Structure formats: structure tokens, C-alpha cells
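Novice: Each chain, letter by letter, is given below.
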Amino acid sequence: MNTILTVLKKELKDTLRDKRTLISAIIIPALIIPVLLIGVTKLQSSLMKKEGDKQLKIALIGNTENFKKQMEDPGFKMFTNYKIDDAKSAVAKDSLDAILEFQPDFFANVDELKSGKMNLYYKSTNLMLYSRVSEKLEAIKSQILEERIKTLNISKETLTPFNVNKVDISTAKEVLGKTIGGFLPYIFIIFCFTACMYPAIDLITGEKEKGTMETLLSSPASRFQILIGKMLTITIVGLSAALMTIVGMVVGLKFLPNIPADFLATINDMVSAKFIIMLFAMLIPLSIFFAGILSATVIRAKSFKEAQTMVTPMMFVIIIPAMLAMIPGVMLNWQTAFIPILNIALATKEIIAGTINMAMYAAIVLSLIGFALLAAFVSYRQFSKESMVLK
Amino acid sequence: MIQLQNVSKQYTLSKQQQKELQTNASSVYAVNKVSFNCTPGRVYSLLGANGAGKTTTLRMIATILKPTEGNIMVGGENVIDHPEKVRQKIGFLTGSTNLYDRLTPGEIVQYFADLHGMDKVLFEQRKDMLFTHLNIHEFSKKRIAQLSTGMKQKVSIARSMIHDPSIVIFDEPTSGLDVITAYSIIELIKQCKVEGKTIIFSSHIMSEVDLLCDDLAIISKGNLIYADTMTNFRSQYIHQSLTEAFIDIVKEGGRRVPV
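Protein chains in written order, with our numbering: chain F, 1 to 391; chain G, 1 to 259.
What the hints contain is simulated information worked out from the structure, not anything from laboratory work. This structure is a prediction, so every number in the text was calculated from the model and none was measured. Glycine included, C-beta positions come from ideal geometry on N, C-alpha and C. One or more hints might be untrue.
As the list claims (entries may be wrong) - Pairwise CB distance ranges (calculated):
(1) Thr-231/G - Leu-390/F: 35 to 41 Å
(2) Gln-125/G - Val-378/F: 42 to 48 Å
(3) Lys-178/F - Gln-146/G: 51 to 57 Å
(4) His-82/G - Leu-390/F: 17 to 23 Å
(5) Ser-27/G - Gly-329/F: 43 to 49 Å
(6) His-82/G - Val-317/F: 38 to 44 Å
(7) Asp-101/G - Pro-257/F: 44 to 50 Å
(8) Arg-143/G - Asp-94/F: 54 to 60 Å
(9) His-82/G - Arg-381/F: 20 to 26 Å
To be verified - Here are the simulated lysine-lysine pairs, DSS-like style, with alpha carbons at most 25 Å apart:
(10) Lys-9/F - Lys-152/G
(11) Lys-19/F - Lys-77/F
(12) Lys-85/G - Lys-19/F
(13) Lys-178/F - Lys-156/F
(14) Lys-120/G - Lys-13/F
(15) Lys-152/G - Lys-385/F
(16) Lys-152/G - Lys-19/F
Produce the entire structure from the sequences given, and follow the hints as far as they go.
Specialist: Encoded structure:
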């Protein structure tokens, strides 16, 4: 045990002096999430405001003088001199934003208390256009409807058989679980794996390439002790990255502009000792699993570059189950509980929502431990081969 | 003491390797039935061309590789049965200065001392002695990446000797070094001999072999083709330099002379 701790102490010291590891395991996860969250939210708000304030250029096709008056709005500029084909071409070239084409019998139908038909031509890539124009059209429609109700001398209730009142009884925790609960594990799993990659290559392939592995193998430390020391180092770096990601996410959420008070309170509740312990009980074996599969892979490489080429495709294999967990309908059950990475992502969602089944959670932790031990065993088998550890 | 009895190291060849070596053989012997003994207080030198099997032999003694056949005893311990006990007794140094770039000389020496389970007080004494002898104090706090090749080799020596091993294994220790640094290694080997350590080293530099060794072995294509004391060697090849005699022996395929 002392020997393993000696190897661990030295590997940690060596690894933490490497700028690339510090950046990938600590700085990027801690900074990038809050910067993205706050930055993207602010940018989105600013873009939406800009789009909302933009004056839309709309062509009216047909006999539309009356309608033009009803559409009058500082946010719209109307054009009545376009032919339909020219107007469509102008929308395609972005010199017009939308076209309202009235069917020839539109106004006659409306006057006769029938339904008129119009076409709205626009590009869906133009943010907010449809909502702004349809909001205005709905207002005109409501006005016409009010007039018809008066004319027909009937009440509004006659036209509305029933109303549906939406009452959402999901808790703020459940809503939080559904919103960030899918995204958060995706991010910390990716960062955990990425953070493990570099130390694995440096401590195993790097040592082989530099020739220091031969020196270490001539010391009293056994191969098992050396490998465990290195795997523990890789695991610690991966866990640190996952922790920094979670911290970054929580900080980012707390400083989001215009965040509702109950949402903020739920975030504060989420960061409890219970949440941290439950999450880390899954993250620790997951990190060991990553350390094992990476060690078993990079030991086969003869150079740093070769090792990088080997581990890069693994990233895509890791992403797939993490992404699956974000798909609506993919739920935690007794099948998904035994699929590594997918199970931790789904369990995190449930833990945040406060709806985790403890028996299933125990099964997840045990299965992750099983996978971690298997990965460590495979890694040890590789490390025991002479052809693997020497250049 | 180091004892090798009919030691062989066989490697299986892949189809690719068979093609490259232009052979139908499914395996090759890097070392084939080599036997010799190294006794304490004497310097044993292993000579041979590149790829002869010297490094493989030294790696087997250092337990980095396992012999396929035969028996190796180092300090009374079998390298297969008790490799950890063997590694406690040996100091292993290679020509390429293999150190950790982000650590300092002090940290590297501390690491290997800890791996040997050295007592703290003894460690400080040994470190001070070695650092003074090798002039490492002046750069002991710099990281390895900032040091010259000669400085790194001095740190490698300190690293291999910190635990005062009774058996020293050097694989081309002066390869690529300047004259002054190479001289310090020669002096170290002489000092180890005076202290009664068992020393085995491989080298291409005949002048060093001539200066240092008491016993000599020549390996060619994995086979031990010559082994005898330096005294006997000089008397057998009296009219030739060591280099000329070595070349002749390798060309002829040599004759085995037990040490």
C-alpha cells in the first residue's frame, strides 16, 4: 500500500505540473460552463431584442388598402406595389421580410361573415417574424370576431363550449431535473473522460516513449503497484474535472439573468451533501472505468501521437450513451440501469428531480463498480505483457 | 553475486517480422543458453555489436524481462521467484538519461528512495554524499527539462545509487556523454568495486572496458562466444588491441572459455 501511495504521490505531483492537464481538468470545466451559460443567455436575449425591435418589411398582395390601415404599426413597413413573383424573389433575397397574399374573395367572405383565406410567405430562419406577424393578425382577427358577435347578437360564451385551465403540479425540482438534469451529466461525463485522456497517455505511453518506464520497472515496485498508482492518478484528475464542471454549472445557473426565485432556491437545495455523495458514489467507479479502458488502450501505443489517435475515437463511443439520456422517453429502468454511462446520466436526472428509486440506484453503483474492476483487470493484463511496457 | 545458467530469451515472430527478417522460423532467440557468473568486488564487462543480446541479458538480470529458459540468481534470489527482492538489491542505469522532466533531481532521488523504503535519516545522508560527489547541489532545485545531458546523467547515477545497492547493472552508461561526465561514471564504477559491489556493465567503448573490467564476456547473435578474465584475455591476444581482438573473436564465432 505504501508503494502505491508513493507512486500516486509522485504521479500527481508530476501531472499537476503539466499545464495541459490543469487547463483540461480544472480551468476549462470550471470556467467554460458559466461563461457559456451566462454568455449565451445574454447573447440570446440581446439577439431576440434586436429582432423584436427590427422594423419588418411586408408586402401586401391584393386589394388591401383597408387592411393596410389595420396593420399599421411602428414595427411594420407595408408595401402594396409588388406582384407576387417579384415579392417572393425579394423575400428570398432578404429585401422583404414577409408577404401577405389575400385570395381574391378574401374581403367578400369576411364581409359575408364567412372565412377568408390569406397566405403568409416568410423565411423560418428569420427569428420571431412569424410570432410578431401572427400576433398582429390575431389581434385583427379578434377585432373582426368581436364585431361579428355584436352583429349576430350572441355572447362570447356561445362560441366557447369550454375552457381548459392548465395547472402544473410538478415541483421545481422535477422541472429542474427535466431541464438541466439531462444536460448536466452529459457535460460532466464528457469532461471527466477528456480530463482522463491526457494523463493516461502521459503516464503510460509517455513513460514508455521516454524510457522512464524501464527505470521504474527496475525498482522494487511491482507492475501491479505501478499500474494502480497511475490509474488512481488518472481517476483523481477525471473526478476533479467532473467536480469542476458541476461547480461551474451551479455557479452559472445562479448568476443567470432573470432567474425565478423558486428555481434559484431549488438549485441551492440541489447542492446538498446527499446530492454530492450520491453523485460521487457513481462518479468514482465511472472515473476508474475510464482510467482502466484508457490505460488498456494507450499501453498498446508506441508513441504519444499514436496513443492520441487511438483514444480520440473512444470519445464518440462515450458521447452516444450520454446523449441518449437527453432524449425524451429514455427512462431509467431495470434495463438501462446496467448500461454504463447511460445509467449514470439517467440516475443524475432522477436524483436532481428527487424521484430516484434507491434499489435501482444501488444496482447502478454496483454495476459501475463491476465495470470499473473489469476495466482495471483488463488494464493489468495488458500491463503485465513485456511487449506492451517496453519500447 | 550474479549467476546465469543456460539463460535464453525467445521471441515469437509475427508473419510481418518473418518477412522482414527473411526467415521461415516462427521464433528467434535474442539470448541463447548464456551462462556466466559475476562476483563481488569485480567488474564484469559484456561486449557485443548492436543487437547482439547485451541489453536483453541485462534486462533479464534486472527482472525487467523474464528468461524463457534457464536460471538467474541475483544476490542469492531467483529473478522469477522473487523479483521484488532482486530489485531491492540492484541499481540499474542505462545510457539514455531517462528521467521525469517536470521533477527536480531532489524529487526524483526522493521518489526512488521511497520506493526502496529507505529510512529518512539514511536517505538524507546518502543524498548529501551523492550530490556532493557528483556536484548536483548547484542544480538540485531545477527541473530536469532545464538540465544538460551531462547533468541528467549525474542525476541518473544518483537515482540508481541512492539506496546503496550491492549489485550494480549499467547498460552503456557513458553513451553520448562528454569526456568529463563519462569520467565521473568511470570513477563511480571504480568506487563501487572498492566497496565490494558486484558490477556488470555493457559498453562499446573499448578504452573503458580495458581500464575497468576484471572479467569479460562477448555476445554475438544471442550466443556467448567468449568469457574469461581480463588477465587471460590479454595474454591470449597479446599482440592485438582489445578492439582488434574483439573483432577477430566475433568474426570467428569465438571459442567458449569458462570464467
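Novice: Does the alpha-carbon distance linking Lys-9/F and Lys-152/G stay inside the 25 Å limit?
Specialist: Between Lys-9/F and Lys-152/G the Cα gap is close to 22 Å, so the pair holds against 25 Å.
Novice: Keeping to a limit of 25 Å between CA atoms, is the pair of Lys-19/F and Lys-77/F held or broken?
Specialist: Given that 25 Å is the threshold and the Cα spacing comes to 56 Å, the pair is violated.
Novice: Take the C-beta atom of Ser-27/G and the C-beta atom of Gly-329/F, compute their distance, and say whether it sits inside 43 to 49 Å.
Specialist: violated, 57 Å
Novice: Sort out whether Lys-13/F lies within 25 Å of Lys-120/G, counting only the CA atoms.
Specialist: It holds: about 20 Å lies between the C-alpha atoms, which stays within 25 Å.
Novice: Mind checking the hinted window 35 to 41 Å against the Cβ distance between Thr-231/G and Leu-390/F?
Specialist: Holds: the Cβ-Cβ distance is about 36 Å, inside 35 to 41 Å.
Novice: Does the Cβ-Cβ separation between His-82/G and Leu-390/F fall within 17 to 23 Å?
Specialist: The hint (17 to 23 Å, Cβ to Cβ) holds, given that His-82/G and Leu-390/F are roughly 21 Å apart.
Novice: Starting from the hint 20 to 26 Å, judge whether the C-beta atoms of His-82/G and Arg-381/F obey it.
Specialist: Roughly 22 Å apart at Cβ, these two residues keep to the hinted range, so it holds.
Novice: How does the Cβ-Cβ distance of His-82/G and Val-317/F compare with 38 to 44 Å: does it lie in that range?
Specialist: holds, 42 Å
Novice: If you draw a straight line from the CA of Lys-178/F to the CA of Lys-156/F, is it 25 Å or shorter?
Specialist: Between Lys-178/F and Lys-156/F the Cα gap is close to 38 Å, so the pair fails against 25 Å, i.e. violated.
Novice: Just tell me: holds or violated, for the beta carbon distance of Gln-125/G and Val-378/F against 42 to 48 Å?
Specialist: Given a distance of about 44 Å, which is inside 42 to 48 Å, the answer is holds.
Novice: For Lys-152/G and Lys-19/F, compute the direct alpha-carbon distance and say whether it is at most 25 Å.
Specialist: Cα-Cα ~23 Å, so holds.
Novice: Measuring from beta carbon to beta carbon, are Asp-101/G and Pro-257/F in 44 to 50 Å?
Specialist: At roughly 46 Å between Cβ atoms, Pro-257/F and Asp-101/G fall inside 44 to 50 Å, so the hint holds.
In summary, the numbered hints that this structure violates are 5, 11, 12, 13 and 15.
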